[in-house]
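Novice: Listed below are the residues making up each chain.
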Amino acid sequence: MDFLEIKDLQVYFPIKGGIFNRTVDHIKAVDGVSFNIEQGKTYGLVGESGSGKSTTGRAIIGLENITSGNVLFEGKDITSRRSKTKDVRKDIQMIFQDPYSSLNPRKRVLDVIAEPLRNFEKLSQQEEKKRVQELLEIVGLSPETILKYPHEFSGGQRQRIGVARAIALKPKLIIADEPVSALDVSVQAQVLNFMQDIQKELNLTYLFISHDLGIVKHMCDDIAIMYKGRYVEQGSKEDIFSNPQHIYTKRLIAAIPDINPRNRDKQFQFRSEVQKEFDESYDDYFDSEGLAYGLQHISDSHLVALPEKG
Amino acid sequence: MWKFIIRRLIITFPQLIVLSVLIFLMAQAMPGDALTGQVDPNVSPAIKEQLREKLGLNDPWHIKYADWVGGVVQGDFGDSFRFKMPVTDLLEQRIINSFWLAVVTLIFTYIIAVPLGLLSGRYNDTILDSSITGYTYIGFATPLFIFALIMLWIFGYQLGWFPTSGSVSPGLEPGSLEYIISKFNHLLLPAISMALIQTVSTVQYLRSEIVDTKQKEFIVTARAKGASEARVYNKHILRNSLLPIAAFFGYEITMLITGTIFVEQIFGYPGMGQLFLESINLRDYSVVNAIVLLFGSAAILGALLSDIILSIIDPRIRIK
Amino acid sequence: MEMNTMNMENESQDPNKSPSGLRILWKEIVRDKLALFSLLLLVVIIIFVYGISLILDQDEIVTVDLFAIHEAPSEEFILGTDYGGRDVFGQLIIGTRNSLSIGILVTLISGVFGIAFGLIAGFFGGHTDNSMMRVLDFFQILPFTMLVIVFISIVPSYTILAFSLIMAAFSWMGIARLIRSKALQEKELDYVQASKTLGTSNMKIIFREVMPNISSLIIVTMTLNLAANIGLESGLSFLGFGFPENTPSLGTLLSYATNPQTLEYRWWIWLPAAILILVLMLSVRNVGEALRRATDARQRRG
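Residue numbers (my numbering), protein chains in the order written: chain A, 2 to 311; chain B, 12 to 331; chain C, 539 to 840.
Some hints could be false.
Listed below are the simulated DSS-like cross-link pairs for lysine-lysine, each with C-alpha atoms no more than 25 Å apart in a straight line [what the hints assert, rightly or not]:
#1 A:K218 <-> A:K173
#2 A:K108 <-> C:K734
#3 A:K229 <-> A:K218
#4 A:K173 <-> C:K734
#5 C:K565 <-> A:K108
Hints listed in this document are in silico derivations from the structure and should not be mistaken for laboratory results. Nothing here was measured: the structure is a model prediction, and the numbers come from that model.
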C-alpha cells in the first residue's frame, strides 16, 4: 500500500461558447498524470508556469474538480469531494505561494492558526491559546505575537504563520505550492531549512511544487518534470540530475545558474549543446501537438516520456 | 452579434412569462373576482354558483391562467367594474396621454443631457464643470416628487406660467391648433420636471465618457495630426460617446414609468400612472393588472431593445 | 522593556489597527469638510428629533381637532395645523423620526438579504451565479414602485413591518450586484482557498472570512441606500401607500400638498417636510460619498 497514489489524474477546464453557453472545448490542465509518494519523503513537481503542476496539487487536496483518475491516500480512494471525510482533510494540508493573500488580513494570528483547530477539535479558549503558542514556537515566532495582524509581519514570517496553520492538525501530507517563490532569496533558504527540520520532527511527507530546479534539488528525494499537463520525466534526484534523458529536462538543468565564474565557459558550451540537440531532435521527444509521449521505464525508478519503440 | 441577440431573446421570454404569472398570482390574491359588482346582490347563491361555473371561475388555476393569457394576447383584459367598460377601451385614451408625456420627457432629457454632458466633459475641472457636477449631485439625491411639487408650486401657482392640472383646457375642438397647443402646454411642466431629475445620470455618464475618451490614444493622435479642436470633438469624441446614450432610452423606460406615477398624480395629468393609482384606491383590480402587465412588459422589452442596440454599437458588451 | 511589550500588546488588541479599517473611513470624513458638516447636522437632527418625540404624544398630535383646522403658524402651533386641526410641527418631528426609523429598518433588511445573495452568487460562481443573476436582472427591470404599491394594497394585515418587508423585497438588487462582483474577486484569493483546505465550511468562509474583508464596501453601500430609502418611503407615503395616517411620516405631510389650496396658500404645511427630506438625503449621501472615496485609495483626499 502506497502512502499517496495518483492514478491517471486528469483535470480539464471547460471553454464555454455558442448560443447556449455550452462547453465547446477543454483546456487539459492535467492530462493523465500518475505517481506515488512514500511516507516521510519529499516529492518534487517541477515545471514552467502553466504546466499543470499547481493544478495537480490543488486537485489532490480538493480545490479543483477532478475530471477523471483516482487519488488514493493510505489506500483509501479520496477522489470525489464527498468521500473526503474529515480525517482525510486533517491529514492533508497545504502551504500557499503568496504569504500576503493566503492570510486573511482581518484576522489576528491567533484566529488564523486556530482556524483548523476550531474546525476539528473542541478546545477550550485556554487550551487553544496554548496550542497556538506552541505552534508559533515550532515555526520560530514569538508566542507573544498571537494578537497581531498579518500585515505586521514580514513575508518570511507570514509564510511561517502559514506553515504553523498547516501543521496545526498534525497532518501527514503537506502540499507546498511554491512556498518560497514569493520570498526574498535570503529568506528562501531559512524557510526551506526550517521546512526540512519540521519534516524530520513531525514525520511529514511533502509534495513540493516549484519551478526552481535548484530548490527542488536541495529539498526533494524524488522529482517529476511536467510540461503542458503531462509528465516528461520522473525519477530519483540522482536519476534526474545525473542522468537526464528527456531533452526538456536537459534544457531545464542547463538553465540552472552556476555561481562559480570559472565554470562559465563550460556552462555556456553545455547550454549551446543542449540547445542544438533540442532543435534537432524536437520531433523525437514531442508528438505532432507538441505534447510529451507516454512514459517508458528506463530503470526501476526512472521513467521518461518517449515514443513507443517500433 | 447574432449569438448575443438570440441569447438575449431567450432570456426575455421567461421574463415575460414570470411577469404574467406574478400578476396572475397577485390577481388571485386580490379580493373579489369578475362577478363582484356585476351581479345583483339579490341573486340566489345557486344561480351565482352556476354563473361562476360558466365563467370558469371554479377551474383549476392553470386553466384559469391559460384563459387569462389567451385573453390578454387578444387584447382582452376583462371589464373595469368601476367604469363598467372594457379595460382596453379605458386604457386607450390614457395610454396616448402617457405616451406623449414620456416622449416629451425623453426629448427634454436628451436636450438637457447632451449639452451639459459635453460642456462638463470638455471643460472638466473648470467652474462650469463643477456647477454642472453640483447640479447632477443634487439632482441625483432629490426625489422626483418633491422636485415636481416645488416646480408646480413655483411655476404653476406662484408665477402662473403653466396650467396646474389636466391634459387640455376644456371647451376646445379636438384636432384644432388651439387644442394641440393646449395639450402641449399641459405637458410641458410635468415633462420638464421629470426630465431635469432623470437626466442627471445621463449627464454623469456622458461627462465621464468624454473625459475618458479625451485621453485615449486615437484622440491624441488626431490632435497631433493637426485636427482642429472642433473637428476632434465633432468627429471623434461625439461619435464615441453619443451612441451609447441614444441606446439607453430603453433602460429609461423603467424610470419613466415610476416617474409617471408621481408626476401624473402631482400635475393631475390623466395618464396611465394616475389611472393606476385611482384603480388601486377603488380596488378596480382588472385595470390594475392590465396596467402592471403593460408597464412591466414595456420595461422588459425596453431593456431588451437597449441591450441589442448597445451590442450592435459596442462590441465589448457582447462578451458578457 | 516590559513597558514596551505591554504597549505592544495594548496596541495589537485595538481592533481598529487593521489596515483598511474604520479609522480610514473616519479620517476621510474629517478631511472632507462637507461630509463632516453633514454628519454633524445628521447627529443634531437625530438627537433633536428622537429627543423631542419622547416628550411629544403621538396620539395627541394625530387626534383631529375640528376647531383648529388649517390655522396659520402661531405661537401655539409653530407651523400651523392641517385639515384635521393637527399640529404640523409635531407631525414634522414625529414624521422625521418615523421616516428615519423606517429608512434604517428597510436598509437593514434589504441589506442583509442583498449581501447574502451577492456573497453566495459571487462565492459559488458558475451555474449558481448565473441563475441567481438572471433572477436579479428580472427584479431590476421591473417597475418596482408599481409592484410595491400593488403589494401594499393587497396585503391582508398591513403593519409597519409588512411595509418594510415589501419595500425591502424590491430594493435589495443594487447592493447584491455590488457585493457579488466584489465576492467574485475575493474568492480567488489564497486565504479563501486556504480556509477550504483547512476544512472550514463554505457558509463559514462566506460570512466569517470573506464578509469582513468587504465590510467597507458594505458600510458605504448601506449608507447610500439609506438616503435612497428615505426618499422612497416618503414618496410612497406621499402617494398614500406608506404609513397609515395615524403614523405620520414626512411623506404624509407632503401628501397634503396634493390639495391645490394647501399647495398654493399654506406652504408651511408641506415645505418644511420637503426641505427636511432633501437635507436628510443630501447629508446621508455626502457622508456616504466621503466613505466611498475612503475605500477607493486613488480618490482619497488626503
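Novice: Identify every previously stated hint that the structure contradicts and give their numbers, smallest first.
Specialist: none
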